[in-house]
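Relying on the hints, combine the two individually framed chains into one complex.
So the protein lines, in turn, are chains A and B.
Anchor point for the first sequence: position 216 equals 215 in numbering that gives the first Met the number 0, and the numbering is continuous, going up by one each time.
Anchor point for the second sequence: position 16 equals 15 in numbering that gives the first Met the number 0, and the numbering is continuous, going up by one each time.
Simulated from the structure, these hints should not be mistaken for lab results.
Just so it is clear, CB atoms sit at the ideal spot from N, CA and C, and this is done for glycine as well.
Accuracy of the hints is not assured; some may be wrong.
As the list claims (entries may be wrong) - Calculated pairs, EDC-like style, for lysine to aspartate or glutamate (alpha carbon to alpha carbon, straight line, at most 16 Å):
1. A:LYS410 / B:ASP2
2. A:LYS410 / B:ASP1
3. A:LYS194 / A:GLU161
4. B:LYS16 / A:GLU413
5. B:LYS23 / B:ASP2
6. B:LYS16 / A:GLU350
To be verified - Just some of the chain B residues that point at chain A, by a computed CB distance under 8 Å:
7. LEU12
8. PHE21
9. ALA65
10. ARG123
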Amino acid sequence: MTSAAHTAPANEQTYDVHRIKADFPILAQQVHGHPLVYLDNAATTQKPRAVISALEHYYAADNANIHRGVHELSGRATKQYEEARAAVRAFLNAADDREIIFVRGATEGINLVADSFGRSFRAGDEIIVSTMEHHSNIVPWQMLCERSGAVLKVVPIDDDGEFLMDEYEKLLSPRTRMVGIVHQSNSLGTVNPVKETIARAHAAGARVLVDGAQAAPHQRLDVRALDTDFYVLSGHKMYGPTGIGVLYGKRELLESMPPYQGGGDMILSVSFEKTVYNKLPYKFEAGTPHIAGPIGLKAAIDYMQAVGLERIAAHEHELLAYGCELLAEIPGLRMIGTAAVRSSVLSFVLEGIHPHDIGTILDREGIAIRTGHHCAQPVMARYGVPATARASLAMYNSRSDVEALARGLRKTIEVFS
Amino acid sequence: MDDLRDLYQEVILDHGKHPRNFRKAPAANRTAHGYNPLCGDQVEIFLELDEGGVVKDICFQGSGCAISTASTSMMTQALKGKTLAQARALFEEFHALITGTGEPDPEKLGKLAVFSGVREFPNRAKCATLAWHTMCAALENRAEPVSTE
Numbered sequence: 000m001t002s003a004a005h006t007a008p009a010n011e012q013t014y015d016v017h018r019i020k021a022d023f024p025i026l027a028q029q030v031h032g033h034p035l036v037y038l039d040n041a042a043t044t045q046k047p048r049a050v051i052s053a054l055e056h057y058y059a060a061d062n063a064n065i066h067r068g069v070h071e072l073s074g075r076a077t078k079q080y081e082e083a084r085a086a087v088r089a090f091l092n093a094a095d096d097r098e099i100i101f102v103r104g105a106t107e108g109i110n111l112v113a114d115s116f117g118r119s120f121r122a123g124d125e126i127i128v129s130t131m132e133h134h135s136n137i138v139p140w141q142m143l144c145e146r147s148g149a150v151l152k153v154v155p156i157d158d159d160g161e162f163l164m165d166e167y168e169k170l171l172s173p174r175t176r177m178v179g180i181v182h183q184s185n186s187l188g189t190v191n192p193v194k195e196t197i198a199r200a201h202a203a204g205a206r207v208l209v210d211g212a213q214a215a216p217h218q219r220l221d222v223r224a225l226d227t228d229f230y231v232l233s234g235h236k237m238y239g240p241t242g243i244g245v246l247y248g249k250r251e252l253l254e255s256m257p258p259y260q261g262g263g264d265m266i267l268s269v270s271f272e273k274t275v276y277n278k279l280p281y282k283f284e285a286g287t288p289h290i291a292g293p294i295g296l297k298a299a300i301d302y303m304q305a306v307g308l309e310r311i312a313a314h315e316h317e318l319l320a321y322g323c324e325l326l327a328e329i330p331g332l333r334m335i336g337t338a339a340v341r342s343s344v345l346s347f348v349l350e351g352i353h354p355h356d357i358g359t360i361l362d363r364e365g366i367a368i369r370t371g372h373h374c375a376q377p378v379m380a381r382y383g384v385p386a387t388a389r390a391s392l393a394m395y396n397s398r399s400d401v402e403a404l405a406r407g408l409r410k411t412i413e414v415f416s
Numbered sequence: 000m001d002d003l004r005d006l007y008q009e010v011i012l013d014h015g016k017h018p019r020n021f022r023k024a025p026a027a028n029r030t031a032h033g034y035n036p037l038c039g040d041q042v043e044i045f046l047e048l049d050e051g052g053v054v055k056d057i058c059f060q061g062s063g064c065a066i067s068t069a070s071t072s073m074m075t076q077a078l079k080g081k082t083l084a085q086a087r088a089l090f091e092e093f094h095a096l097i098t099g100t101g102e103p104d105p106e107k108l109g110k111l112a113v114f115s116g117v118r119e120f121p122n123r124a125k126c127a128t129l130a131w132h133t134m135c136a137a138l139e140n141r142a143e144p145v146s147t148e
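Next up, chain B with everything else stripped away, as it sits in the complex (with noise of 0.2 Å):
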């Protein structure tokens, strides 16, 4: 039960009930799919870069588990005002987190810090990184769908 715990902390279950930033971005400059062939979980990310590099706005759409959507909510905080480079940045420490490779840092990660509960559930994984895959692949306007697989 404890590890359950760790996994769906009360945080995660809020943004998975209510996910954040639920929506379309009419002025979105950047997007990209992504899909989880093994349990059909799908997301849009929706990006809004300004002239300067800076995410001015991120949103998304889709369906998914409480992992991918709270996962997919709580990046889009993270992210919004971050530089390109930062996002990537950020990309790669949740990435460490999630897999146990690495060391993350805790004050970057902030608030992301909450899905360390993932590390005891590898086959949920895929659930939590679906949207930074797909968020990566937005930044590069990646024309094909994000596949887990």
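Isolated chain A, as found in the complex (with noise of 0.2 Å):
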């Protein structure tokens, strides 16, 4: 196959914010009269070229069948396939490709590890998660606690959204199984100490589902040497396509796990009397399989490499404390979330102003950002806040784009005086 065509990314010496941005061509549009400043990467990245036309690319000249077919075409869409799942494992440095599952999403993924690592949790078991999680790390172990009567226990977190290491070892016991930590927050930005984390779990006997569906597009990530047990990943988020995620899992677990879902592709023989499930990590993919959505992925990866994963999180790191240098001086703004270390986030309230107007009257200025709850709501509740104002930062945004969002507020204050 020949591969889509591919712009090549910045050069090696500077990184030229844009020639990423050309690359993306759903920024060069106005909204509202004005250019479009996309300042809602947590919730979803927009797309390079490259993966738009791989996924055409795709449909246009290769789609079949994956893992029966024996005619052309069949073979192409398998070998795209799989060598997607190679792509990702090299990107989490997984040991294995059958450690990586496709799935749906982030979400998914989650869920997955609830229902099929969870079905032998009983009664007083104890799953730990954090304040600070995502809905999708609370609501499928509240779920399970539900259906296996394991109770969930909750890290606390402080003033700036940081982490509390102590109160996390106060919790781990002999009955945790399971602990759901996400590794960078989507509504305050905090990225978590996980190595240590994981390390107090095993510690403790626990098994680790680490959340990276927001970390993936801002650092280099290693799942062996995090020694995390789970991770996940949301392909839209890393400037793939919607529909795909992956589930990385250390084999041994994944091995001694039931399968998550029945149907085609996850058996090996199937008769009424005795059914064979299939070797991983085709087990837990029932059915025919979102195809498109790897193949897109995998053309994200490779974007994000060609420029550099940590050429891309130094200059979101520049562009994050720039960001908060000029939210600094807008009067009544208060950030949501300071941790000492944190990535790509800024959230924010304005005092006297809903979120939702903030929201409202940034976007008639071409400026895209989220306003709510983010799917976090007992960090609003932490705060006491019904919601946050939130910038977040991809590789194609500009000091610019920030100056713009600083220049909104300001506009925001002018028509609520």
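Structure (structure tokens):
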């Protein structure tokens, strides 16, 4: 297969944000008469042309069902689907392609683990999550507690939005079966000390699932260095398509777990007397998967790696600091989430102005931010606010984008004065 | 900017900052909760209907954006002294105004016509109508909270 048209990203020496931006066709538009300033990347990122082209090329040239046909197209589709698995394995630095399960998104990955790994949980078992989890890393565990009689314990956070390691240590016990922790908070930007969290869980005999949906586009990941048991990714938050996500699990754990869903592809043989389940990773991929999804996700990973994960992180880090500086000068603005180690998220409230109204006024300036509870209502409750306004950064955002945000906020204050 | 000014008219900003009838009604005999799960807006409407089915008192508590707070505040002013049937009829007029369906009657709407700018902001329609849906639930004494979703 000839690879779809890839635009060469910026060169090695300088981080050419304008050239990167030009690789994302959607960003070259006007919204309400202003150039689009897209700062809602924690909700979903935009897609580079390379990803769009990969999807188009797949459907235009190679579409067929995988793992079954003897014909040419099926072979091509299967090859690309499995190449994508290898690309994700490399991206996560996992040991084995069989540890990479394609799912619909991070949410489905967590549900898979809660359902399958959680099937052995019993009354009295304990599950620990943090206050700053996205609802997707709370509700599946609550559902498991309802089914099994297990108990959910919550690690508090401090006023800066930092995970309280000492409080976590107190919650760990021989009853702890699972710890669910977000790598980077979507509502606060806090980057959690997951390596230490995992080591302490392991010392207590518990397993850990890390929600990496927000971390993946902002830092280099290494599941073996973390020694995490499970790690989940969301394709659309890392420049890939919606509807595709990844569950990484240690092979011995995945081997021991019962299937999540039954159907085609996840079996070796079926009879009414006995059905034999397929081996990893297919045991967890029932039915025809979203074949184009991993193919698009691989194109996104290739793109990020061509730009350079460290260079993206450095650029975003600098931009976050600049944004904090600009927002600190806005009268009546309070940052929500001021952890020492954080990334890509500017979450805030303005005195006397509801986030929803901020969102509408910024939108008329062509600036897209998220307003609301960010699917993290316990975080809102922790800070005593019904909602926040959140600007979140990606590799294509520039200093002029955060300057536009600051201008828009001053205008918001003007409208409300 | 013009459509922003149409949306955030002075009277709306004033009611958003200084909502009227923002209290509990000790003698309320009809109440209902409203909730917008998308933005977190919450409102509780307290109604006191007299024996003749006339709104003797109406007030509210809760938290929300400028549009939803102003809409609730102005609704309470508009409904005081109205009969059940008049309250429902006004809901229909207001709904038509916000959604741009039908022909709202400016005379019936009175001051509420300032919300006409919401039509240009369809994703804010629920902010403006949450209180009204909640009021209808209160009139019917519905126990379950009203959700915009």
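Structure-based check of each hint:
no.: 1; hint: A:LYS410 / B:ASP2; verdict: holds (14 Å)
no.: 2; hint: A:LYS410 / B:ASP1; verdict: holds (13 Å)
no.: 3; hint: A:LYS194 / A:GLU161; verdict: holds (15 Å)
no.: 4; hint: B:LYS16 / A:GLU413; verdict: holds (14 Å)
no.: 5; hint: B:LYS23 / B:ASP2; verdict: violated (34 Å)
no.: 6; hint: B:LYS16 / A:GLU350; verdict: holds (11 Å)
no.: 7; hint: LEU12; verdict: holds (6 Å)
no.: 8; hint: PHE21; verdict: violated (15 Å)
no.: 9; hint: ALA65; verdict: holds (5 Å)
no.: 10; hint: ARG123; verdict: holds (6 Å)
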